[in-house]
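Using the sequences and the accompanying hints, generate a full structural model.
These protein sequence lines map, in sequence, to chains A and B.
At the far end of the first sequence sits residue 189, using UniProt numbering, and the numbering has no gaps.
At the far end of the second sequence sits residue 189, using UniProt numbering, and the numbering has no gaps.
Check each hint, because a few of them may be wrong.
One copy or two, it doesn't matter: identical chains are merged, so the pair holds either way.
[Stated by the list, open to error] Using 35 Å as the maximum straight-line C-alpha spacing, the simulated DSBU-like pairs for lysine-lysine come out as follows: (1) Lys67 to Lys27; (2) Lys150 to Lys5; (3) Lys68 to Lys27; (4) Lys27 to Lys164; (5) Lys125 to Lys150; (6) Lys67 to Lys5; (7) Lys27 to Lys5; (8) Lys125 to Lys164.
In short, the hints are calculated from the structure, not lab data.
Small disclaimer: the values here were computed from a predicted structure and weren't measured.
Chain by chain, the residues:
2 protein chains.
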Amino acid sequence: MQAGKPILYSYFRSSCSWRVRIALALKNIDYEMITINLIKDGGQQLAIIEYLEETRPTPRLLPQDPKKRAHVRMISDLIASGIQPLQNLSVLNQVGQENQLTWAQQVIASGFNALEQVLQSTAGKCCVGDEVSMADLCLVPQVANADRYKVDLSPYPTISRINKSLLALEAFQVSHPSRQPDTPPELRA
Amino acid sequence: MQAGKPILYSYFRSSCSWRVRIALALKNIDYEMITINLIKDGGQQLAIIEYLEETRPTPRLLPQDPKKRAHVRMISDLIASGIQPLQNLSVLNQVGQENQLTWAQQVIASGFNALEQVLQSTAGKCCVGDEVSMADLCLVPQVANADRYKVDLSPYPTISRINKSLLALEAFQVSHPSRQPDTPPELRA
Numbered sequence: 001m002q003a004g005k006p007i008l009y010s011y012f013r014s015s016c017s018w019r020v021r022i023a024l025a026l027k028n029i030d031y032e033m034i035t036i037n038l039i040k041d042g043g044q045q046l047a048i049i050e051y052l053e054e055t056r057p058t059p060r061l062l063p064q065d066p067k068k069r070a071h072v073r074m075i076s077d078l079i080a081s082g083i084q085p086l087q088n089l090s091v092l093n094q095v096g097q098e099n100q101l102t103w104a105q106q107v108i109a110s111g112f113n114a115l116e117q118v119l120q121s122t123a124g125k126c127c128v129g130d131e132v133s134m135a136d137l138c139l140v141p142q143v144a145n146a147d148r149y150k151v152d153l154s155p156y157p158t159i160s161r162i163n164k165s166l167l168a169l170e171a172f173q174v175s176h177p178s179r180q181p182d183t184p185p186e187l188r189a
Numbered sequence: 001m002q003a004g005k006p007i008l009y010s011y012f013r014s015s016c017s018w019r020v021r022i023a024l025a026l027k028n029i030d031y032e033m034i035t036i037n038l039i040k041d042g043g044q045q046l047a048i049i050e051y052l053e054e055t056r057p058t059p060r061l062l063p064q065d066p067k068k069r070a071h072v073r074m075i076s077d078l079i080a081s082g083i084q085p086l087q088n089l090s091v092l093n094q095v096g097q098e099n100q101l102t103w104a105q106q107v108i109a110s111g112f113n114a115l116e117q118v119l120q121s122t123a124g125k126c127c128v129g130d131e132v133s134m135a136d137l138c139l140v141p142q143v144a145n146a147d148r149y150k151v152d153l154s155p156y157p158t159i160s161r162i163n164k165s166l167l168a169l170e171a172f173q174v175s176h177p178s179r180q181p182d183t184p185p186e187l188r189a
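Dropping the structure here:
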């Protein structure tokens with residue numbers, strides 16, 4: 001990866017792919033994208049983001065202060081391990097079609113209850129203070145999933161506020177699922 | 001945490017707590033334990049381990065080489081986001097009692113299939129080469145969960161071999177669920 005142009009295997013709708021696309025956009029890294037229709041879900045893309053952070057440290061996606069870094073990682077893990085894996089495609093298939101929507105709404109709402117509470121003590125304009133971090137890369141794709149499963153966001157004013165202000169940033173827009181090479185025409189922005 | 005003695009809120013059986021107990025033992029950090037009966041599951045304890053790594057870097061739980069670090073994080077995330085959250089207590093409750101065992105076996109086996117394949121190209125004595133890393137802290141508690149749910153481990157020779165050699169180490173033994181202050185008498189080693 002340090003040698004040639006990095007290749008991202010991406011699926012337009014995957015929240016895990018989107019996290020990485022945001023990181024690449026923020027760090028202004030030129031990359032090739034290979035779109036794949038089925039993706040191996042899970043939070044493994046955080047390993048890619050940590051790798052990018054170590055090899056291309058500017059702009060930083062982790063604060064310098066160890067306590068703030070821990071906050072960023074706690075929020076990222078809450079989303080990437082505590083919410084996303086419970087509502088990904090393979091789990092929903094296992095749950096059975098008639099239960100999918102209720103299941104997804106339940107795990108997202110339960111995760112967002114915890115997240116809203118954490119954010120109330122860490123957030124500024126972003127999840128931790130006013131600088132965009134790894135936590136924000138996790139937040140926005142997860143809120144998009146919540147939208148998709150029609151989760152009522154009114155109990156989560158902090159989540160909603162941060163999400164809205166992040167979506168105004170270029171890196172979050174170019175990486176958006178509605179603007180990817182494999183986005184079907186009916187879902188294009 | 002840098003000031004006083006750190007406090008770990010721990011549950012003897014939780015694989016997430018166990019990961020942190022191994023890290024604390026490896027880094028020889030003296031801490032107080034407060035045992036709690038119900039734990040908020042998820043992979044959030046990786047944030048604690050990253051924090052320990054940054055504030056107490058010796059011995060390292062992440063290799064120095066960025067590629068190897070990425071391997072360690074990929075394996076850790078595969079376990080902490082890809083397997084553990086799908087078989088934790090709250091999910092099993094939601095699945096319903098009669099389906100719990102099948103569900104747990106299925107998600108663990110499917111995760112171990114991926115993990116075994118990754119390990120075949122990264123492992124030495126440990127998950128990545130011969131040095132104990134964050135990935136090993138994730139592996140051993142997850143294999144214990146697999147045992148608990150009676151997953152057949154014969155298709156996973158690499159996982160089994162590494163697990164066995166790690167369990168011989170002091171840090172993995174003192175942190176074991178069978179030796180915690182809140183371990184019930186019938187489960188004590």
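Structure-based check of each hint:
For a Cα distance limit of 35 Å, the shortest separation of Lys67 from Lys27 qualifies both inside one copy, at 23 Å, and across copies, at 19 Å. In this assembly of identical chains, the alpha carbons of Lys150 and Lys5 never lie at most 35 Å apart, being 38 Å within a copy and 45 Å across copies at closest. For the identical chains of this complex, Lys68 and Lys27 are neighbours both inside a copy (20 Å) and across copies (22 Å), given an alpha-carbon limit of 35 Å. Taking the closest pair of Cα atoms, Lys27 and Lys164 come within 35 Å of each other only inside a single copy of the chain (21 Å); across copies the shortest separation is 41 Å, beyond that limit.
For the identical chains of this complex, Lys125 and Lys150 are intra-copy neighbours only, at 25 Å inside a copy versus 47 Å across copies, given an alpha-carbon limit of 35 Å. With identical chains, the CA atoms of Lys67 and Lys5 are at most 35 Å apart both within one copy (34 Å) and between copies (16 Å). Proximity of Lys27 to Lys5 under the C-alpha cut-off of 35 Å is restricted to the intra-copy arrangement: shortest distance 14 Å within a copy versus 38 Å between copies. Taking the shortest Cα distances, Lys125 and Lys164 sit within 35 Å of each other inside one copy (10 Å), while across copies they are farther apart (47 Å).
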